[in-house]
Amino acid sequence: MASAFMQGVGATTALSSANYKNSCFASPRSLPERRGSFFVIRSDGSLASGLNPTNSRRGALSTNAVATKQDNVTASTASKPGHELLLFEALREGLEEEMDRDPRVCVMGEDVGHYGGSYKVTKGLATKYGDLRVLDTPIAENSFTGMAIGAGMTGLRPIVEGMNMGFLLLAFNQISNNCGMLHYTSGGQFKIPVVIRGPGGVGRQLGAEHSQRLESYFQSIPGIQMVACSTPYNAKGLMKAAIRSDNPVILFEHVLLYNLKERIPDEEYVLNLEEAEMIRPGEHVTILTYSRMRYHVMQAAKTLVNKGYDPEVIDIRSLKPFDLYTIGNSVKKTHRVLIVEECMRTGGIGASLTASINENFHDYLDAPIVCLSSQDVPTPYAGVLEEWTVVQPAQIVAAVEQLCQ
Amino acid sequence: MACSAAAKILHNPLLISSSRSAEKSDSCCKILGPSSFLGSTSLSKKLVSVNKGVSRASRRSANVVAVSSDVVKEKKLKSNSAAPSLLITKEEGLVLYEDMILGRVFEDMCAQMYYRGKMFGFVHLYNGQEAVSTGFIKLLKKEDCVVSTYRDHVHALSKGVPAREVMSELFGKTTGCCRGQGGSMHMFSKEHNVLGGFAFIGEGIPVATGAAFTSKYKREVLKEDCDEVTLAFFGDGTCNNGQFFECLNMAALWKLPIVFVVENNLWAIGMSHLRATSDPQIWKKGPAFGMPGVHVDGMDVLKVREVANEAIARARRGEGPTLVECETYRFRGHSLADPDELRDPAEKAHYATRDPITALKKYILENNLASEAELKAIEKKIDEVVEDAVEFADESPVPARSQLLENVFADPRGFGIGPDGKYRCEDPKFTEGTAQV
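So the protein sequences, as listed, match chains A and B.
Counted the way full-length UniProt numbering counts, the first sequence spans residues 1 to 405.
Counted the way full-length UniProt numbering counts, the second sequence spans residues 1 to 437.
Hints were generated in silico from the structure; no laboratory data involved.
Each hint should be verified, as a subset may be incorrect.
Said to hold, decoys possible - Below, in silico cross-link-like pairs of lysine-lysine (BS3-like), each with a Cα-Cα straight-line distance of 25 Å or less:
id : chain 1 : residue 1 : chain 2 : residue 2
1  : A       : K123      : B       : K141
2  : B       : K223      : B       : K141
3  : B       : K422      : A       : K128
4  : A       : K332      : B       : K422
5  : B       : K223      : A       : K128
6  : A       : K333      : B       : K422
7  : A       : K128      : B       : K216
8  : A       : K123      : B       : K216
All of these numbers come straight from a predicted model, not from anything done at the bench.
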């Protein structure tokens with residue numbers, strides 16, 4: 001029980017902090033006391049005990065993640081024993097390995113240091129590396145992001161944490177004009193090896209501002225690469241790859257995936273930023289997805305398999321650019337494409353992906369591409385409305401059935 | 001010239017504020033000092049209304065300055081040692097003169113080339129403000145960083161970027177300092193540590209703060225021998241922008257080696273500083289954040305240099321940032337696209353008489369630092385440098401199509417994996433610049 005709760009602590013304080021950023025975080029000094037009260041407020045079982053409907057969905061999500069991953073793990077990392085980690089711990093492990101490897105790697109953001117990060121991704125790093133390498137910044141997103149860019153231009157490799165990804169909208173100018181374009185406008189003289197990361201996506205009743213799908217906003221900025229992690233294994237590998245890349249990279253994490261558990265290899269590995277991940281090979285339809293929707297798709301896939309369908313599921317991972325090789329091969333095999341994303345319908349990743357597939361593989365398609373996105377509404381607070389905003393497994397099943405008629 | 005005394009008083013925050021609060025019953029002009037920037041007659045009508053606000057503010061500022069007593073103490077120590085007969089040596093004087101002439105002649109040439117259709121877009125000229133760029137940047141080492149705004153040609157020149165490369169950039173040629181990819185408002189030079197011209201108001205200040213953070217990081221984390229300083233240049237308009245305040249806070253908080261240089265030319269395009277700012281004395285915002293705020297006549301390169309010297313040395317010693325407000329004036333419109341009909345002719349005429357180059361020339365000649373002929377020789381040399389820059393730029397090739405897709409990503413694999421399973425950057429069309437990306 002105690003340990004189960006300890007796991008909960010990360011998530012509960014995290015969600016609370018995201019929720020109450022503006023009201024409760026008025027004075028940093030009051031944090032330790034307040035943290036206790038967060039725990040009391042949020043540990044009433046709504047997240048950890050599995051008593052209410054939202055929670056059972058969460059439970060299903062975790063087991064599902066572990067179950068689906070196991071096939072993969074046994075396939076890819078064969079006999080290695082590995083070690084079991086939660087996703088936020090995997091991110092931390094990747095970060096720590098890179099900070100050990102290169103003293104120019106540093107972290108900056110709100111509460112990344114003494115507090116350990118709103119979702120505990122940087123927990124303990126300030127103690128290990130000092131306050132300058134794990135820099136707690138004032139609440140000034142535009143300026144500390146710009147500062148990371150200036151530090152990147154002059155030789156450091158900063159990682160910027162958006163306490164909640166949505167807060168990075170306040171840094172949009174720096175991300176767009178300087179992070180994205182400065183390498184080009186300087187004629188290639190300056191590199192911006194900055195990683196921008198943080199918890200994003202639609203959480204659990206966090207309200208509109210804390211439940212943003214930012215990938216649609218960022219995708220058209222030239223010069224920026226975007227990846228979304230979805231398992232502890234790829235979270236660590238992509239984190240390391242992003243840090244090592246000389247390009248500015250936005251790494252999307254999802255608030256609801258931080259407590260996914262998985263066994264990952266003991267030996268060091270780095271993933272390819274540009275590569276998609278084949279989750280489930282199949283014949284009838286290609287389902288392209290990323291981040292949290294991966295689990296909704298896998299839930300749907302179970303039903304589909306029971307109904308006699310054989311879907312191929314790909315986690316595209318690289319949101320910009322797309323891995324058209326993996327995607328193309330799948331299209332050539334199945335001739336049908338379903339895109340499932342949490343992003344906005346208008347101008348979202350799915351829209352870009354649809355265009356890209358139509359341009360490149362039109363001749364291989366037997367049916368128009370179907371794209372399931374979340375609704376073009378500000379994420380509502382009410383649980384039921386929020387649930388209807390994002391794509392649910394049943395919709396995915398229905399879409400595949402229709403596509404394969 | 002009454003350089004030294006005036007400069008000393010002006011850059012001591014305590015003295016300024018106390019003298020100003022003492023004078024608070026006087027006219028606003030008096031409060032703002034003899035080198036008041038309220039030259040415009042139309043503006044003087046507004047003085048009455050501004051008056052109250054200013055005096056109230058200066059009363060408040062007494063407490064503020066008292067808080068940063070360490071700053072004042074340091075100033076007192078300094079002021080003992082300052083009673084030199086001459087402010088510069090002959091060599092220094094000639095370097096300053098040459099740099100200011102270069103800035104002026106270069107910008108005049110830009111105007112000509114713009115009207116002749118050799119360069120396009122928004123071109124913001126620096127005429128009138130040369131004392132600031134020269135006064136500060138000529139004190140820097142090559143390793144020190146400069147962050148500028150859209151009015152950046154002269155900062156780049158002062159930092160040592162060759163006139164050829166800057167002119168060529170303006171012509172959009174491949175030999176430009178950014179290969180023609182930046183343009184007038186985006187001058188960069190890694191070699192000379194010009195971290196850029198930033199075209200949006202305020203966005204350069206965080207980048208400068210980041211460069212200063214790197215210096216501190218190198219010293220304290222990487223244990224490197226590093227005393228590099230960063231200068232952030234920006235205007236009065238920027239001082240009402242959040243990034244300015246956010247960065248003053250962070251720089252003071254972490255004692256970063258940075259100097260915030262405000263080039264207060266009184267006008268943010270058509271918005272008068274006095275119409276935009278509740279308390280027009282920008283330097284006062286320094287003490288509010290726990291750093292010295294210094295006010296200096298930005299039309300006098302020697303005063304600027306004196307203040308700059310102290311601020312830069314302070315940053316180099318690891319004692320933290322300084323905010324310097326240089327009161328200056330631009331002799332041309334906001335950009336070459338601005339007809340400049342709004343500013344009062346009397347105000348313009350007033351500042352024309354305070355041309356910083358004329359003032360330096362006068363100082364050099366009056367103090368027999370150099371002869372008229374020596375100055376003429378410099379002017380001739382600079383004319384040739386700028387002529388040569390134009391010729392060079394004109395003859396340089398325009399960028400080849402193949403250049404289009406270069407430099408979008410430092411690591412071109414960021415363009416992704418194509419349908420053929422190869423990285424798109426390996427596609428032959430990519431190197432031709434004709435690929436769809």
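Results of checking the hints against the structure:
| no. | hint | verdict |
| --- | --- | --- |
| 1 | A:K123 <-> B:K141 | violated, 40 Å |
| 2 | B:K223 <-> B:K141 | holds, 20 Å |
| 3 | B:K422 <-> A:K128 | violated, 41 Å |
| 4 | A:K332 <-> B:K422 | holds, 17 Å |
| 5 | B:K223 <-> A:K128 | holds, 17 Å |
| 6 | A:K333 <-> B:K422 | holds, 19 Å |
| 7 | A:K128 <-> B:K216 | holds, 19 Å |
| 8 | A:K123 <-> B:K216 | holds, 24 Å |
The earlier numbered hints that this structure contradicts are 1, 3.
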